[in-house]
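There are 2 protein chains.
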Amino acid sequence: MLQHNSYLINGSFNQVISPLDRGLAYGDGVFRTIKVVAGLPEQWPAHYQKLVADCAAINIVCPSAELLMSDWQQLFSAGEDAVAKIIITRGEGERGYKPSAITAPMRLISKFAMPNYAKANFSDGVHLHLCETRLAAQPKLAGVKTLNRLENVLARMEWSNHALVDGVMLDMNGNVIECTSANIFARFGDALITPKLDLCGIAGITRQRIMMLAPSLSLKIDVQHMSFAQLLTADEIIICNSLYGAWQVRCIQENTIQSNGLATAVRAALRT
Amino acid sequence: MLQHNSYLINGSFNQVISPLDRGLAYGDGVFRTIKVVAGLPEQWPAHYQKLVADCAAINIVCPSAELLMSDWQQLFSAGEDAVAKIIITRGEGERGYKPSAITAPMRLISKFAMPNYAKANFSDGVHLHLCETRLAAQPKLAGVKTLNRLENVLARMEWSNHALVDGVMLDMNGNVIECTSANIFARFGDALITPKLDLCGIAGITRQRIMMLAPSLSLKIDVQHMSFAQLLTADEIIICNSLYGAWQVRCIQENTIQSNGLATAVRAALRT
Numbered sequence: 001m002l003q004h005n006s007y008l009i010n011g012s013f014n015q016v017i018s019p020l021d022r023g024l025a026y027g028d029g030v031f032r033t034i035k036v037v038a039g040l041p042e043q044w045p046a047h048y049q050k051l052v053a054d055c056a057a058i059n060i061v062c063p064s065a066e067l068l069m070s071d072w073q074q075l076f077s078a079g080e081d082a083v084a085k086i087i088i089t090r091g092e093g094e095r096g097y098k099p100s101a102i103t104a105p106m107r108l109i110s111k112f113a114m115p116n117y118a119k120a121n122f123s124d125g126v127h128l129h130l131c132e133t134r135l136a137a138q139p140k141l142a143g144v145k146t147l148n149r150l151e152n153v154l155a156r157m158e159w160s161n162h163a164l165v166d167g168v169m170l171d172m173n174g175n176v177i178e179c180t181s182a183n184i185f186a187r188f189g190d191a192l193i194t195p196k197l198d199l200c201g202i203a204g205i206t207r208q209r210i211m212m213l214a215p216s217l218s219l220k221i222d223v224q225h226m227s228f229a230q231l232l233t234a235d236e237i238i239i240c241n242s243l244y245g246a247w248q249v250r251c252i253q254e255n256t257i258q259s260n261g262l263a264t265a266v267r268a269a270l271r272t
Numbered sequence: 001m002l003q004h005n006s007y008l009i010n011g012s013f014n015q016v017i018s019p020l021d022r023g024l025a026y027g028d029g030v031f032r033t034i035k036v037v038a039g040l041p042e043q044w045p046a047h048y049q050k051l052v053a054d055c056a057a058i059n060i061v062c063p064s065a066e067l068l069m070s071d072w073q074q075l076f077s078a079g080e081d082a083v084a085k086i087i088i089t090r091g092e093g094e095r096g097y098k099p100s101a102i103t104a105p106m107r108l109i110s111k112f113a114m115p116n117y118a119k120a121n122f123s124d125g126v127h128l129h130l131c132e133t134r135l136a137a138q139p140k141l142a143g144v145k146t147l148n149r150l151e152n153v154l155a156r157m158e159w160s161n162h163a164l165v166d167g168v169m170l171d172m173n174g175n176v177i178e179c180t181s182a183n184i185f186a187r188f189g190d191a192l193i194t195p196k197l198d199l200c201g202i203a204g205i206t207r208q209r210i211m212m213l214a215p216s217l218s219l220k221i222d223v224q225h226m227s228f229a230q231l232l233t234a235d236e237i238i239i240c241n242s243l244y245g246a247w248q249v250r251c252i253q254e255n256t257i258q259s260n261g262l263a264t265a266v267r268a269a270l271r272t
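Protein chains in written order, with this note's numbering: chain A, 1 to 272; chain B, 1 to 272.
Be careful, since some hints might not be right.
To be verified - Below, simulated EDC-like cross-link-like pairs (lysine to aspartate or glutamate); rule was C-alpha separation at most 16 angstroms, straight line:
no.	chain 1	residue 1	chain 2	residue 2
1	B	Lys140	A	Asp222
2	A	Lys196	A	Asp235
3	A	Lys220	A	Glu236
4	B	Lys85	A	Glu94
5	A	Lys98	B	Glu158
6	A	Lys35	A	Glu80
7	A	Lys35	A	Asp81
8	B	Lys140	A	Glu158
9	B	Lys111	A	Asp222
10	A	Lys111	B	Glu94
11	B	Lys98	A	Glu158
12	A	Lys140	B	Glu158
13	A	Lys85	B	Glu158
14	B	Lys35	B	Glu80
Said to hold, decoys possible - Chain A is nowhere near these chain B residues, computed Cβ spacing over 12 angstroms in every case:
no.	residue
15	Arg90
16	Gly189
17	Ala265
Hints are computed from structural coordinates only; laboratory data are not their basis.
Every residue, glycine too, gets a C-beta built ideally from N, C-alpha and C.
The shape of chain A in the complex, shown without the other chains (with noise of 0.2 angstroms):
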């Protein structure tokens, strides 16, 4: 269970979730995974314009930087390291999914420990489960971090082997999209290609980082659909999120793919 002094509903620690909240209600909202070191969200500028985009996709208006930060100098101290977790939902609604004329978002930021991530995760890479579960085409809400999940829990729920620290999602046609938490990338030569999230999927600001640092590290990028098949052909192949920066992969289900030190360089360019 959360510690009382571990989250913020709408910028008090006494207050509860509504019952009537449309995020529990429907999903009716949208989150974020940050890291905090020293008591700061890491890529702020990157995270809260995320967040805006993301409410605005399902028509939210995102609560404004200020009331953010306000919130979040109460819950984190200065030096403290973590890992918040902002859910902005569209706040209390009757019954049905019209939402009332006048709502008021409610957001949540909770505070988290930095998990604890094997070293050889950085040192040796990782290796992958491939889901069966496959992602929906749904243009409206793809790229969207909603708290409409239930295709991440599902296929998050089909491997309990610590050994495989994410899971590979296709889309229903077989292209690969990402994995249930993190994007990923796959290196042909000094072209960098990362999917094309226009149907499904969620676009992480670590992979936007990483698509525009990829020129300091002599790689062009390329965003397009490709097959599972094509990107077990790849040179080497890293996946990313916002807590860990990235990842070499190593193992694909019984797939070995090759590497060559690609996650290394890329984290040190995110450092920069």
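Fit chain B to the known structure of chain A by using the hints.
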């Protein structure tokens, strides 16, 4: 806002929704909307059977009927007419998609006033919007009333004209699936067709009941894919849900639909 004594969380009037509840975090749960007549849940066996099946579809162990009925008796008094909403979530979780090894489902039962439906909806029929938002194909969740309902929310936000009581939703291939809050039937001669819900949509219990009682109306049930153009050539169309039973469709956008009293006959059959 809900009154304090109008909802029960895990059988208690004093519990609150955990900020770690996976229903809020991921829409990781299912729900039912039930008509309460004289304090009792109408069609309870069918609702409970569907609740168990929907929970099973996402690997949640549904609370027992005894537990839910014990909650029910705390919340509803004899003779009371109302609407009940039951939400079952996977309960609290750590951060991350993987459910905790030991998870106790959360149950929330809420009481709402019965909607004040216009009498004309029953006597004259209803006009429908045609939704631009389409339903994504996800066979693992098709038919299941999960808390991942952003498509319905986006669809319901498309219109505000009160004369339109619901909106027809299509899948990505242009097949008719359902309305945002209702299932749909189209009569062609003595054939009563309702869309196949193997890829998306919610298979409601009133739909199920109408399928079973069709022979008593001298109609043959046919579950199949049906384009919107096909739908418009129907001899008549009805929509149905657990609260109002069935309504005759008179108009979808600018398309007038023929009518010959099917909804009245179906409502009578549903009452027996």
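Structure-based check of all given hints:
1. B:Lys140 - A:Asp222: 31 angstroms, violated
2. A:Lys196 - A:Asp235: It is violated: about 19 angstroms lies between the C-alpha atoms, which goes past 16 angstroms.
3. A:Lys220 - A:Glu236: Cα-Cα ~14 angstroms, so holds.
4. B:Lys85 - A:Glu94: 12 angstroms, holds
5. A:Lys98 - B:Glu158: The hint holds at about 9 angstroms.
6. A:Lys35 - A:Glu80: Satisfied, since the Cα-Cα distance of roughly 11 angstroms is no more than 16 angstroms.
7. A:Lys35 - A:Asp81: With Cα atoms ~8 angstroms apart, A:Lys35 and A:Asp81 stay inside 16 angstroms; holds.
8. B:Lys140 - A:Glu158: 13 angstroms, holds
9. B:Lys111 - A:Asp222: 52 angstroms, violated
10. A:Lys111 - B:Glu94: This hinted pair holds, its Cα atoms lying about 11 angstroms apart.
11. B:Lys98 - A:Glu158: Holds, at roughly 9 angstroms.
12. A:Lys140 - B:Glu158: Distance of about 13 angstroms is within 16 angstroms: holds.
13. A:Lys85 - B:Glu158: Not OK: A:Lys85 and B:Glu158 at ~30 angstroms, beyond 16 angstroms, violated.
14. B:Lys35 - B:Glu80: 11 angstroms, holds
15. Arg90: 8 angstroms, violated
16. Gly189: 34 angstroms, holds
17. Ala265: 27 angstroms, holds
When held up to the earlier numbered hints, the structure conflicts with 1, 2, 9, 13, 15 and fits the remainder.
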